[in-house]
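Student: Sequence:
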Amino acid sequence: GYVNLLANYRPSKYDKHLFNSRRLINETGFFDPLILQIKNIIENHLSGRSLSKILDAGCGEGYHLVKLQEALAENGGNVLGVGMDISKEGILKASKNYKNNIWLVADIANIPFKTRQFDIILNILSPANYEEFSRVLLDEGIIIKVIPNQDYLIEFRKILYDKTSQDDYSNHKTIDLFKDNLELIALKNIKYPVSIGGNNLEDLVAMTPLSWGTSEANLARLLKADINEVTVDLTILLGGK
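All residue numbers for the sequence shown refer to our numbering, where the first residue is 1 and numbers rise by one.
Source of the hints: derived by calculation from the structure; they are not laboratory data. Treat the hints with care, since some could be wrong.
Claimed, not checked - What follows is a list of derived Cβ distance ranges for each label pair: (1) Asn75 - Arg135: 44 to 54 Å; (2) Gly197 - Arg10: 34 to 44 Å; (3) Ser195 - Ser170: 26 to 36 Å; (4) Lys188 - Leu80: 22 to 32 Å; (5) Tyr169 - Gly76: 34 to 44 Å; (6) Thr115 - Leu223: 43 to 53 Å; (7) Asn100 - Asp176: 14 to 24 Å; (8) Leu223 - Arg135: 19 to 29 Å; (9) Lys224 - Gly76: 21 to 31 Å; (10) Tyr192 - Glu43: 15 to 25 Å; (11) Ser195 - Glu74: 23 to 33 Å; (12) Gly240 - Leu80: 18 to 28 Å.
Claimed, not checked - List of simulated lysine-lysine pairs, BS3-like, C-alpha gap at most 27 Å: (13) Lys191 - Lys39; (14) Lys173 - Lys224; (15) Lys39 - Lys67; (16) Lys179 - Lys158; (17) Lys88 - Lys67; (18) Lys39 - Lys224; (19) Lys16 - Lys188; (20) Lys67 - Lys99.
Glycine included, each C-beta is placed from N, C-alpha and C at the ideal position.
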């Protein structure tokens, strides 16, 4: 089950359809190279420590957290996972599919835990609240934030935002904000191609917010495009207090 701690929950574009599509894409291994990199970062920087709790802030339907737990368990790491998201639909899906974790509908601006609780905070392609993250992080804990780079899903961006202000994306402000609030321990870029086929294009379009700010005509163009491969281009930020 899950706990809903949002008194005034409002439905959003992060709906059941989006999370169904995201789960289907995740199960193709779309983000598996990213999860492997995060696992390696954790094992390199927290080696020799007994880890007990991971918070995934903005966990969606829970896939990333669970896959990371499974990867850490390969080397004997048995870590309790706590996933929270503002989307009730995402948490509902997480609680049905992954029953061994704690799942919460909650706001990162008011994380419902006491001070200094977590060894690791994950924040993957999601907004952050560094004041709250620092509060609930153990003094020797780490925060791992993943953000898109300029070429992330560039195949989509070229069709949806060609010759507009969103055609050229920069994450410099996001990185600067991270460094303003935390000690930057490491920064790692990861870039790889992913083959797509069948209904994967439709599911990938449905799960990405890139499709929200464009016209129906551009969306139709994208869905009809002959795209067999997309680019995953991300930066992993590792920080501490």
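Student: Given the hint that Lys67 pairs with Lys99, does the C-alpha gap stay at or below 27 Å?
Tutor: Between Lys67 and Lys99 the Cα gap is close to 14 Å, so the pair holds against 27 Å.
Student: Kindly confirm whether 26 to 36 Å is satisfied by the beta carbon distance between Ser195 and Ser170.
Tutor: About 28 Å separates the Cβ atoms of Ser195 and Ser170, which means 26 to 36 Å holds.
Student: Do the alpha carbons of Lys88 and Lys67 lie within 27 Å of each other, as the hint requires?
Tutor: holds, 21 Å
Student: A range of 21 to 31 Å was offered for this pair. Does it hold for the Cβ distance of Lys224 and Gly76?
Tutor: violated, 49 Å
Student: Between Lys188 and Leu80, is the Cβ distance one that fits in 22 to 32 Å?
Tutor: Since the Cβ atoms of Lys188 and Leu80 sit about 26 Å apart, the hinted range of 22 to 32 Å holds.
Student: Assess, step by step, whether the Cα of Lys16 is no farther than 27 Å from the Cα of Lys188, and give holds or violated.
Tutor: Violated. Lys16 to Lys188 sits at ~32 Å, over the 27 Å cutoff.
Student: Need the status of pair Lys179, Lys158: alpha-carbon distance at most 27 Å?
Tutor: violated, 30 Å
Student: Could you see if the CB distance from Tyr169 to Gly76 stays within 34 to 44 Å?
Tutor: holds, 40 Å
Student: With 14 to 24 Å as the target window, see if Asn100 and Asp176 comply at their CB atoms.
Tutor: Since the Cβ atoms of Asn100 and Asp176 sit about 37 Å apart, the hinted range of 14 to 24 Å is violated.
Student: For Ser195 and Glu74, compare the CB-CB distance with the range 23 to 33 Å and indicate the outcome.
Tutor: Taking Cβ atoms as reference, Ser195 and Glu74 lie about 26 Å apart, which means the hint holds.
Student: Starting from the range 18 to 28 Å, see whether the pair Gly240 and Leu80 falls in it by beta-carbon distance.
Tutor: Since Gly240 and Leu80 have Cβ atoms about 21 Å apart, the given range 18 to 28 Å holds.
Student: Take a look at whether the Cβ-Cβ distance between Asn75 and Arg135 falls inside 44 to 54 Å.
Tutor: violated, 29 Å
Consistency note: the structure conflicts with the earlier hints numbered 1, 7, 8, 9, 14, 16, 18, 19.
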